[in-house]
Amino acid sequence: MRYGDFASLCERSALPVCRLFGNAVLPSCHLDVYDAGSAVFVNLRRREMTLLLSFFCIMLVFNIAGADFIHSSGQVNRWLGAVNTALVVSFFWALFLFGIVGFQVMADGSLKSMLTIIGTTLIIFISMGYIAADTAFGISNGLKPKPSDPLYSPGVFTIYLVVPLVAIVLFMILQTTIVVRFLSARLPLVWLVSAFFCFAVGQAIMFGASKKMCQSTNNRIDGAFFATLLDSAAVSCIYGFWSAITVDDNAAFEEDEYKF
72 MRYGDFASLC ERSALPVCRL FGNAVLPSCH LDVYDAGSAV FVNLRRREMT LLLSFFCIML
132 VFNIAGADFI HSSGQVNRWL GAVNTALVVS FFWALFLFGI VGFQVMADGS LKSMLTIIGT
192 TLIIFISMGY IAADTAFGIS NGLKPKPSDP LYSPGVFTIY LVVPLVAIVL FMILQTTIVV
252 RFLSARLPLV WLVSAFFCFA VGQAIMFGAS KKMCQSTNNR IDGAFFATLL DSAAVSCIYG
312 FWSAITVDDN AAFEEDEYKF
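Using my numbering, read the sequence shown as starting at 72 and increasing by one per residue.
Please note: incorrect hints may appear among the correct ones.
[Stated by the list, open to error] Below, simulated SDA-like cross-link-like pairs (lysine to any residue); rule was C-alpha separation at most 25 Å, straight line: (1) LYS282 x ILE135; (2) LYS283 x SER198; (3) LYS217 x VAL234; (4) LYS215 x ILE194; (5) LYS215 x GLY200; (6) LYS283 x LEU300; (7) LYS183 x ALA238; (8) LYS283 x GLU82; (9) LYS217 x GLN146; (10) LYS215 x LYS283.
Calculated from the structure, these hints are not laboratory results.
Let the sequences and hints guide you as you build the complete structure.
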């Protein structure tokens, strides 16, 4: 498989990003789709965690819609793919920032912290959305795949697959550093490794076993179903990790120190 080539990926898995390349891009075996018609070191990070979970829920909705709903309009499908792509990159950017906040670069839950996460995530969303839309619609004629190679897009390949992977690795390194250097307990590492394991298994099923699952269940279940469950489990483990390293001082939380 060439770097930037979605042909084999879109053939095996129902990836929402494949919508960018047109209505005809469906996996060789796909589900019966729905037609839409026309702890010591870390204080609380409570607001940041709420924000991260909100981002994930939004991304999850669009992931499900992008995988299971096909609109009769090709333009709608392409825009759905563009929004989904931007949301995926934005979520993993927010995850990376959540990891940085643990080092107290900015006060947890402060206005500066929240505005930084929301503002930069919005910038990432708009930027990645433009790249995806340009790929889908040829806005600048610089990113749209050539007719002779309609599923070749190094730009989308990088932002959709490589950037999230880099963000996950950096998040793991940052959080492991916090636990090893500043905490005596090692239980948080179990949550962290569990999160990584769930995500890795989910991706392996999505890209490696989706087609076989779809064929063996007569188009009822594919890898996207289990990948969604495991991604949700991974985020739940991140919440468990956060809870394990958090000093939940409700009295302090109610003070102005944690208000903005």
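The hints, checked one at a time:
{"no.": "1", "hint": "LYS282 x ILE135", "result": "holds, 17 Å"}
{"no.": "2", "hint": "LYS283 x SER198", "result": "violated, 36 Å"}
{"no.": "3", "hint": "LYS217 x VAL234", "result": "holds, 24 Å"}
{"no.": "4", "hint": "LYS215 x ILE194", "result": "holds, 22 Å"}
{"no.": "5", "hint": "LYS215 x GLY200", "result": "holds, 14 Å"}
{"no.": "6", "hint": "LYS283 x LEU300", "result": "holds, 18 Å"}
{"no.": "7", "hint": "LYS183 x ALA238", "result": "holds, 22 Å"}
{"no.": "8", "hint": "LYS283 x GLU82", "result": "holds, 12 Å"}
{"no.": "9", "hint": "LYS217 x GLN146", "result": "holds, 18 Å"}
{"no.": "10", "hint": "LYS215 x LYS283", "result": "violated, 31 Å"}
Of the hints listed earlier, those the structure fails to meet are numbers 2, 10, in rising order.
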